[in-house]
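Visitor: The lines below spell out each chain.
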Amino acid sequence: MTGYVLRRIVQAAVVLLLVSVIVFVMLHELPGGTARAVLGERATNVAIEQFNKQNGFDQPLPVQYWRWLDQIVHGDLGFSFKQNESVSQLLADRLPKTMLLAGTSVLLALLVSIPLGFVQALRRNRLVDYFLTAMAFVFYSTPAFWLALVLITLFAIQLRLFPAQAPQGSIGQIVAEPGGMVLPVLTIALVSIAFFSRYVRSSTLENLLQDYVRTARAKGASTWRVAFGHVLRNALVPVVTLVGLSLPFVFAGTLISEEIFNYPGMGLLFYNAAVARDYPVLLGVTLVVGAATVVGSLLADICYGLLDPRVRLARR
Amino acid sequence: MSRSDGSVLTVASLRVVIALRHSTVRAVDDVSFTIAPGETVGLVGESGCGKTTIGLALLRLLPAGGRIVSGSVRLGGHELTTLDDEQMRAVRGDRIGIVFQDPLTSLNPTMTIGSQVGEPLRIHRGATARTARDRAAELLELVGLPSPSRQLDRYPHQLSGGMRQRVSLAAALACDPALLIADEPTTALDVTTQDQILELFSRLKREIGMAVLLITHDMGVVAGQADRVLVMYAGKLVEVGATDQVFYRTRHRYTQALLESIPTLTSSRAEALHSIPGQPPDLAHPPPGCRFAPRCAFMTDECRAAQPAMSGSQAHTFACIHPAEARA
Amino acid sequence: MSTAIGLTERDAAVAEAAAEGGLRLAADVFLENKLALAAAVTFAVIALFCFVGPLVYHTDQVHTNISQTTRHPGSAHLLGTDDVGYDELGRLMVGGQTSLEIALGAAAVAVVVGVLWGAIAGFFGGIVDAVMMRVVDAVLAIPALFLLLFLASITTASVGILIAVVGLIAWLVPARLVRGETLSLRTREYVQAVRVMGGGPLRIILRHIVPNTIGTVIVNATFQIADAILVVAALSFLGLGIPPPSANWGGMLSNGLNYSYAGYWWLVYPPGVAIVITVVCFNFIGDALRDAFEVRLRRR
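Just so you know, the sequences run in chain order F, L and G. To convert, take the position in the first sequence, counting from 1, and add 691; that gives my numbering. To convert, take the position in the second sequence, counting from 1, and add 31; that gives my numbering. With my numbering, the residue at position 93 of the third sequence is 78, and numbering never jumps.
Careful, some of the hints might be misleading.
Claimed, not checked - Just the calculated beta-carbon pair ranges, DEER-fashion:
#1 G:A149 to F:I700: 28 to 36 Å
#2 F:T914 to G:G183: 53 to 61 Å
#3 F:L1004 to L:A340: 55 to 63 Å
#4 F:A1005 to L:E302: 42 to 50 Å
#5 F:V712 to G:A149: 17 to 25 Å
#6 G:V37 to F:L708: 49 to 57 Å
#7 G:K19 to L:G37: 23 to 31 Å
#8 L:P308 to G:K19: 39 to 47 Å
#9 G:V113 to F:A1005: 19 to 27 Å
As the list claims (entries may be wrong) - To be clear about the criterion: a stretch of chain L counts as covered by chain F if any three or more of its residues have a C-beta under 8 Å from a C-beta of chain F, and this derived list gives those stretches:
#10 112 to 125
#11 134 to 143
What the hints assert, rightly or not - Here are some chain L residues the structure puts well away from chain F; computed CB gaps all over 10 Å:
#12 H155
#13 H188
#14 G192
#15 S199
#16 T218
#17 Q345
I should point out that these hints are in silico values taken from the structure, not numbers from a laboratory. Every residue gets a Cβ at the ideal spot worked out from N, C-alpha and C, and that includes glycine.
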């Protein structure tokens, strides 16, 4: 197990480094560079040169990268001239809120899709299965923003059950208004449920074909015992990895959900920054989201190692 | 031959079909045999002849599309084919135990050895986890696993192939079944381990004296373990008798061809290996006559006309019109 | 004959048909799947609608017509008009062309780049593989939408740019898949045989490994097409799609949603339903293809 964990950590570290390189390259591909972005379209060349010199943009690339990396590690993610705040500050405020949204959505999705997919596999090709499969396909194929607006129309406007705008303010204030979180969470969760439940279904089906199920039956185990005592555990083990792999997708979902419901998280921050061409913010968020995904995947892989005895107790 | 008194298992005129999309395969066609207490019966034949299907049919664990069409299976006098699901479940693992071919895939990878071996006891005897665990340790010792109590908490992937097969055997024996079915128990193992497992079988036979249906394609395994042999070809039994009768006074031409095709240590290097020409028949549309006829060197028109009936003495029967010479 | 519990009739059919050729077998299983067949037919109809439709139903999709804005569906305009006077039905057809072009183009780019990347990584293994795969991991770690938004904010979208951009994000998954397959194929006897015969790496990769991954790649490509349609729709919604007079379903949908309060359903449902149906079709087809190729793989 230790071998496995160590290898994963090293891989994650390398990937994190590469993510930072990618972000850095993005930083450099900005037309006109940061200088123009900050100083505006009308800036003179002299002003730009001065700006570059002041901020070290005239140094050779590797040096710039190293300095930038150094800054990052010390918590300085740049400064947003448009918002007049340090990027780290903005992120420190927004990151927990997005984590709350993403985390709740994933949790809800898992709680629903695991039993759903499992039952579908056990009742394969019956009416329940077909119906749920059809629903899954439809949800999965609907653009998230349309889904969100349908939810708003139905629940916020017609039924008046939940507000159309997410709660604002600090994380404490947000948690105090759980009703406002329902629709944003549902938007992300519904599509994730569709995706996860298909996966749980096929994982369960695969396990049902395995020889050990036949052995269990040969011992006289009832369908109940086979399903819950044998198959469930085996079918769920790869789901953990799936959650890790779907993190980028979940974050993309938060982007749309936050924009529609005006939820003050990183996604909305990113969107507004994209519209306003606020590059330091864009890069900071990209870096943080990339890092969060890598770390999340790593944690998922470690959980997988803990759950599967073949990994946990491997010879190495 | 089909008297139920005293025998552990009596199979009479069993027919099993497997329904495929466009055809129905007659996998087991009118098979009858008995197994006496303490007896090891070898069911031998090539792949696809239906021997594994018989094993599964006894437990009513046939794959989708498979079903018993007719015939009777009596275990200690009780008819099994007419039991409902719940009743059959009570039989499986309790009165009949089975060991499968592949020890790695037959065991649940995420469940400890101890819980898998003790499981039949929890299902059929209502044993507590504690009791089942203790008994599992005893069973592991019985099957010759070193340090049994330590193995209880290990997982299948941590054991070698031979050890895993012992574990499967222990689980099959947990409730002291009247009959043990061993479906190719050594095929997936290397030769040395095969030997060890067969040794184990012999020892258990001496110590416990249970009835065993040993299904295999390996004549060598049969020769060493079985008291009686059932030779099967294309879904039908072609020769039945005591082991040395079948091996040394072979009557059916198929058995003869099988035995001849086994290379021995003493056969000359220059000799080509004997093999049986041709292929087994399509069991969806079996020929009317003897099923081995198309591949038989002694075949005549009579052979292809109708199924040959079982002839011979009570102790040694065969279904062949032109059998090999009966030697004194 | 396998005797595992849970063996379905379909699997039994596989055993039965195992005598036939591999590709025919896959085709058989695919055609057996009624849903996939229906999906394929539906897509054919949609494609015809988009590409042949405008030849039959002529509308002006270039000039706006302010006197005819937001008309209800009627005899003059079968699906009404949108907020700048374009005929909605005609726009649906033309928008469909763009959406499909981008999706198919992006999928093609993704497949070509992904297959080569994955095959090279898997074939050479070792440090080459490690580095190439870490690059894939890194790009995968950044959510596509973030990358795309960033890219879109520094360029003006056009069909070509969108194809390149979406494709360059989408190649990651086929790369991973092909790499996995290559790793297992590399050890097969026939690959060793070609090496012994003196075949160079390029030959082996192109003539022996890639063709054997076709199944997985095709399945993935179908899903890529589905995803690409949704991604472009999302981009349009976020305001970074292709500017008018060009149309695409995503843009039409998000534009129409602005008017949903006014009850202009014909601006919302046609493009929305078109997106959902097309994406569902590709998902069904991909699912069925996956079953079909799995069958072929198992026979191997």
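Visitor: Of the numbered hints stated previously, which ones are contradicted by the structure, given in increasing order?
Guide: 7, 12, 13 and 15
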